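A.B. asks: Here is how the chains run, residue by residue.
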Amino acid sequence: MDNAFATQHKEELGRLRELIGQYRGRHGALIPVLQKAQDLFGYLPIEVQGIISEGLRIPLPEVYGVVTFYSQFTMVKKGKHQVAVCLGTACYIRGAKDILGEIQSRLGIEVGQTTDDGLFTIDGTRCIGACGLAPVITIDKEVYGRLEVRHIKGILEKYRED
Amino acid sequence: MTTVQDLARIKDLQLSQRRGKRVLVGLATCGVAAGAEAIRTELLAAGEKFGLSDFAFDRTGCIGLCAYEPMMEVHRQGEAPYFYVNLTPERVREIVEEDFSGGRKLDQYILGGEPLKSQLRIALRNCGVIDPDSLEDYIAQDGYLALGTVLSTMKRPDIVDVIKRSGLRGRGGGGFPTGLKWEFTAKAPGDHKYVICNADEGDPGAFMDRSILEGDPHAVIEAMAIAAYAVGASEGYIYVRAEYPLAVDRLNRAIAQAEEMGLLGEGIMGSEFSFHLHLKLGSGAFVCGEETALIASIEGQRGMPRPRPPFPASKGLWGKPTLINNVETFANVPTIIRNGADWFAAIGTDKSKGTKVFALGGNINKTGLVEVPMGTRLREVVYDIGGGLPGGKAFKAAQTGGPSGGCIPAAHIDTPIDYDSLLAIGSMMGSGGLIVIDEHACMVDVARFFLEFTVDESCGKCPPCRVGTRRMLQVLERITAGQGTEEDIVKLKDLAEGMKLGSLCGLGQSAPNPVMSTLRYFEDEYYAHVREKRCPAGVCTAITKYWIDPEKCRGCTLCVKVCPVSAITGKVKEIHEIERDACISCGACQEKCPFDAISRR
Amino acid sequence: MTEIRVKIDNVTYTAPEGVTILEIARANGVEVPTLCYHPKLSIVGACRMCVVEVAGSRGLMTACSTVAVDGMEVNTRTDAVVKSRRNVLELLLSDHPMECLTCEAAGKCSLQKYAYEYSVTGATYQAEPRDHDLDSSNPFYLRDMRMCITCGQCVRVCDEIVGASALGFSERGDRTFVGPAFGHNITDTTCVSCGSCVDFCPTTALTSTHGRNRLRTANIRKVTTTCGYCGVGCQINLLVDRNEILGVEPVEGPANDGFLCVKGKYGFNFVNHPDRLKTPLVRRNGQLVEASWDEALELVARKFSSIIDQHGRQSIMSLSSARCTNEENYLMQKLFRAVIGNNNIDHCARL
Ligand SMILES: Cc1cc2nc3c(=O)[nH]c(=O)nc-3n(C[C@H](O)[C@H](O)[C@H](O)COP(=O)(O)O)c2cc1C
Ligand code: SF4
Ligand code: SF4
Ligand code: FES
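Chains as they are written, first to last, in this note's numbering: chain B, 1 to 162; chain H, 163 to 763; chain X, 764 to 1114.
Hints listed in this document are in silico derivations from the structure and should not be mistaken for laboratory results. Here the structure is a predicted model, which means the values were calculated and not measured. Hints may contain errors.
[To be verified] Label-pair distances were calculated between CB atoms; the ranges are:
no.: 1; chain 1: X; residue 1: Met-861; chain 2: H; residue 2: His-440; range: 49 to 55 Å
no.: 2; chain 1: X; residue 1: Glu-880; chain 2: H; residue 2: Glu-659; range: 18 to 24 Å
no.: 3; chain 1: X; residue 1: Lys-871; chain 2: B; residue 2: Lys-36; range: 26 to 32 Å
For glycine and all other residues, C-beta sits at the position ideal for the given N, C-alpha and C.
With these hints in hand, go ahead and build the complete structure from the sequences.
C.D. replies: What follows is the structure, given as C-alpha cells:
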C-alpha cells in the first residue's frame, strides 16, 4: 500500500480492519462493508478495495466489479458538499435540465466533477422520490424542492459561507 | 411477549390517551423537503407560547398532497378534520394565535373542496394518519391484529387461500397474482426459506413505496411476518434503495420496536413461529429492482439478473425458495386478512382487484400520491383528483410505468386504469408513476430521455439490452438533432422487436416501450423531425429555430441588435425576418422582443 | 433415473430428467448456437444466442439454462428465434472492428461463424469501436478488448476452474468490460498465464502471441501427444507447421479434462530452440562435446563404480524429477535401492 495513504488514514484503516473482522465469513458481506468503508473514507480508493478483498477473501476483480457496478460507490474523492440534481422523469419534465445547467455554469464544472476549491461536487441522481416538489436537488442531506433557476445562486451561496 | 389481548389493551390505552385536539404535521421526505421540520418547530414554540396544553402536536407520514406541502391536519373531536396548507413559519404563528388559541379558522389557508375526493385508501390507510415512529399508534389502527389472527387461528394453506381469493396482484409492476406466488413458495421443497420485500422503487416518478415505508413501516413488517408464516420462511430482508434515508431510519426503528414487543424474532406472539427481519441497502442500480438482480445484490454481487426458470419461489436467495413482493403489495395484506378476501375482491375490476396508488407528477396541478380503485378512468385521475394541468394547458399524454412503460395519449384518456387495459394500449401499470405531459413536450425527446435512462441502468449482461439500448439512443439522438432519416424509424421498430424478444430481463425487454408507444401515437412528430427537420413542440434545440410573426412585428430592430450571429434582417418599421440556417437558437431575440412576435418552431 | 420425452423441431427425444434443452439438442445433433455457454462452466444465460421457442411459454427461452421437462415441445428455428439471434449478432458486430481479414481467430471465431450462418453484416447500426488499449504485457497472450463480446467465459474459467480469479466484469451497461481490476494490465494480477481464457474465448479478444500470422494457414497439422513437463500426462495437440511447433492446444484427456498449465500451454519454445540438447554431452579436455548414449552411460556407470569403491555405497544420492512419470521415478529408486544399494533418493517436487 501507498505509505502516504497509510499514514494519512491510520485511524480509518484501523476501523476498516475492525469492520472487516465483524463481517468476515458472513453471507453477502461485500456490499455492506463497501458502504461502510465509503462512509469512513468518503470514497473507495484502490488501497481500501485491496484491504477489503484480502480481508473478506473475495478476489479483487470481484470487489472492483461491484464497486463500479453500483453508482453510489465512488473511487474519486468528493467535494465537501454534494450537489445532487434529480434527473428523474418528473423533475426532467419540470425543467431539471435548466437547473442543472445553471448549477454547472455557476460552479464551472460538469456532472461528476469537483470544484477546484474542493467545496462542491455535482452529481446527477436517479429519482429521489420527491416528485411532488419537482424539480428538486439535494445538497448533502438537505432537499430543495420547487426550484427555479433564479433560486440556485442563493442556495449555493449558503454553502460557500459555512 | 404481546398477545392478541394485549393488542386490544394497547389500542384502548392509546385511544384513550389521545387528546381531543390534535395537529398532525406531515414529515415524510416531501414534507421535510418543503420545510416541514421548521414548521413543526415553530408550531411547538407557538403552542408553548400560547399555553395550548390541550393540543397534541403529532408527527405523521405523507397524506399524499405533495403540492400543498408543508401542511398540517387539524383534528377536533366531533369535527371534520381540515388541512392548513403551504405553510410558512409566519402563517403557523398566525394560525396558532387565531385558530388554536382564538378559535377562528383562517379559511384563506385551509385547503378547500374535498382533498381526498374519489380516493379509497387501503395501502395508504395509515399514511398521514399515524405517527410512523409509534408502534402504539399503529396498533391503535388494529395493527398486528392480522398477524395475531393468522398465528392463533389460521392454517397456513388457508392464509394462502385468502390471498388467492382476494385477487391481489403484484404492485411492483408485473401484476403477478400474489396468492399464486405464495402458494409456489409454500409448496417448494426446502428447509430454509426467505421472504423479501422489494423496496428498491426505481421507476423515476414513483414514490408510493417510499411514502408507505416512511408513513407506515409496521404495515410492511406485519405483512412480511404473515407471508413468512404462510410460506414457511423464518428469515426476511427488506431491500431499500439508499436514496431513501428517512425510510431506512423509520424501518430500523420499527423493526427494533417490533422485536422488543415480541412481534418479530423468536416465538412471535407466543406461537412457535419465528421470523427475523433484516434491512439491506441498495447502492444505486435501477436493475436491482428486478427480482433476480435484487437477490444477486443481497448476495453481495453485481446486480445482474439471472435467467428464469428457476424462479425465486423455487430457487432464490442463496439457492433457497424465496418469496419476493413489493412494498405496496405487502401493505395491502393485513387489511385483506382482517376484512376478508371477498371484501377486497369486490373492489376494482374483474381482473384487477383492489386499489392502486399513483404518483401524480409532471405537468399537473396537484402533484402527489393518490389511491384509487382499479379501473378508475385516467380522466378522473388527471382532472378530478389531480386538478388538471397548470395554466389550463392541454393534456397531451400521460406516461405510466416509467422507463418500461408507455404513454397514453389524449384520445385514450377515458381508459380505465388496470393492468390489462394499460397493456392493451401499449403502456403498462408499472409501479404507478403517472407523469402528465402537456402540449409543450416533444414526444421524441421524451422517448430519448427514457432511453438515456435505460442505457445508464442496463446491467450490461446481455447484448440486446447492453448494446441495443445504446444503438436505439443513438438513433433517437440523430433524429432529435435533425439528422435522422425515414430509414431510422424502420430501424427503431426492428431493433425494438429484437430487444423485446432477446433480452434477458424485463429491463431490456421493456426498454423499447417508450419508443414504441410514442411511435404508435405520435408518429407524425417523428416524421416532422426526419422529413421536415422540425420539432413541432420546439424542444429539440438543434432543429428549433426562431421565427418572427409578421402580424406582430413592429420593426423596432431590438432583435437585430441582440442576435449574436446577425441572423435577423429588417429595417426600422419594417417586418423583420430570421434567416433559418443562420439562427443558432439561442433565444436572445425572443427575450428582447417587446411585442411577443418571436416564437420557436 | 426417470426418463423424459421432449420434442425438438417435431422429433421426439428421450433424455434423463434434469438436463437442459441445449444438452438434449446437442446430444442429438440439433444445432443451437451459443456464445456464453460452455459445458464445463456455470450457466449464465447472457449471450441470448441459444434462444428457442417452448410451446406454452411467454417469450423465448434460453436453451442453455432451461431444464427440459417431460412433454416439452421446443422449436429451435422459428421466425422469432431467428430474428432474435440476428439482432444479437447485428448488435455485437455493430461496434466490432471489422478486421476479419487479418484476424488471428478467423476460421474458429464463433462470432464470424454465426454471422456467416445468419447472414449478418453488422452494418445496420454504424458505431465506433469501443476504446480499449491492447494489453501486451503478458509474453504469452494478447488482450484486445475491442474484440470482446462480454460472454464472460474467460472470467468463469479463470474463477471456477483455474482458481486464479484474475478477471472480472467491471462497470455496467455498455461501459461493461471484462478484465483485471482497475483496468490494470494482466501481468499486475493473480494471472498464472495458463492460457485457459485464451482457449475459451470465442473471439479474438484473447489470443496467443506465438505463431501469429501463421496459425491460420492450411499447413497447420495437429499432432496429439502427451505433455512432457510432468507426470500428470496432460493430453495436448501440437500445432505444427513444417516441423515447427507454433502452438499448443489442450485436448480432453483423462488426466487434464481439457486444461493445461502455463508450461504445457506455452512452454514449447525449447523444442525448436537452437540451444536445445539433442544428444548427451561429455566433457573432454574441459570441453563439452557430443557423445552417444552408450558412451555417456558407460562413463556414468564407470564413475559411479569408482566413487563407490573409494567412498562406499552411501556416498551417492539421487534427485529425481517431477517431470518424470511415476514409472520413471519408480525405476530411479529401484536403481538406487537394488543396484547402488542405498536409500539416498529424493525428488525435486518440494518447494
Ligand atoms: C428492470 C426492473 C425493475 C424493477 N423494479 C422494481 C421495483 O423497483 N420495485 C418492485 O417492487 N418491483 C420491481 N420490479 C419487479 C420485480 O422484478 C418483481 O416482479 C416484484 O418485486 C415482485 O413483487 P410483486 O409481485 O409484489 O409486484 C422490477 C422489474 C424489472 C424488470
Ligand atoms: S436485459 Fe439489460 S438489464 Fe436485463 S440482463 Fe440484459 S443487459 Fe442486464
Ligand atoms: S475476452 Fe473472450 S472469453 Fe472473455 S468475455 Fe471477452 S469474448 Fe468472452
Ligand atoms: S448460450 Fe445460452 S445465453 Fe449464451
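A.B. asks: Taking the earlier hints as the rules, which of them does this structure contradict?
C.D. replies: Number 3 - this is the single hint that the structure violates.
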